[in-house]
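S.K.: These protein sequences, in sequence, are chains A and B. If you want the numbering used here, it's the 1-based position in the first sequence plus 97. If you want the numbering used here, it's the 1-based position in the second sequence plus 117.
Quick caveat, the hints were computed from the structure, so don't treat them as lab data. No experiment lies behind these values; they were computed from the predicted model shown.
One side of the interface only, derived from the structure: several residues of chain B facing chain A at Cβ under 8 Å:
| hint | residue |
| --- | --- |
| 1 | 147 |
| 2 | 148 |
| 3 | 150 |
| 4 | 158 |
| 5 | 159 |
| 6 | 160 |
| 7 | 162 |
| 8 | 165 |
| 9 | 211 |
| 10 | 212 |
| 11 | 213 |
| 12 | 214 |
| 13 | 216 |
| 14 | 217 |
| 15 | 218 |
| 16 | 219 |
Distance ranges between label pairs, derived from CB positions:
| hint | chain 1 | residue 1 | chain 2 | residue 2 | range |
| --- | --- | --- | --- | --- | --- |
| 17 | B | 132 | A | 180 | 39 to 47 Å |
| 18 | B | 118 | A | 151 | 17 to 25 Å |
| 19 | A | 176 | B | 172 | 41 to 49 Å |
| 20 | B | 161 | A | 193 | 20 to 28 Å |
| 21 | A | 148 | B | 165 | 18 to 26 Å |
All residues carry an ideal CB built from backbone N, CA and C; glycine is no exception.
Here are the chains, one letter per residue:
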Amino acid sequence: DGGITQSPKYLFRKEGQNVTLSCEQNLNHDAMYWYRQDPGQGLRLIYYSQIVNDFQKGDIAEGYSVSREKKESFPLTVTSAQKNPTAFYLCASSMGRLENTFGSGTRLTVV
Amino acid sequence: GIQVEQSPPDLILQEGANSTLRCNFSDSVNNLQWFHQNPWGQLINLFYIPSGTKQNGRLSATTVATERYSLLYISSSQTTDSGVYFCAVGGGATNKLIFGTGTLLAVQP
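Generate the whole structure from the sequences, applying the supplied hints.
M.R.: Okay, structure coming up:
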């Protein structure tokens, strides 16, 4: 079955550490996205990529970095510069103007 | 950018009741999706509906693009319908989504 796989489901980060969240899709979608969700809030866009080797900042990109070396993969790194990284992170993909499909998310907690 | 407003923010129903959720948006869009977020956080795509009307079982949705709103209808609600319902829209050259703040639905037995 085609879909989006995010890993890990739960991640704990110490202060000052960088961590990388994985997002892989086998839907052959061109575009991929990373969103952040805080408790009781909607989702906000962090970064997006419309084609391989190209990506753009979303609304809340500070403290995050991404890469898009392969069509199937769009990893997100939460750097130590992100002051409040505890959140639920969701990855999505789409083809053209059609619907976005989401992964099951990663919960990141700073300890 | 496009603003998305959802109403009501919270809704409590008895099992079997019907409900209507509303999504208003501030500009023309070429993508509109309704999602249900389950208690584990997964976003389940209910409808892709930039215009027109669609039905899927007990759920249906209508988007009136010229008047910039969309409605999600839930009929004969069940406890498994509980969760947060999000409306998200996209416009312009990309398909990135802008989310509303959601409607928290609780269906009581």
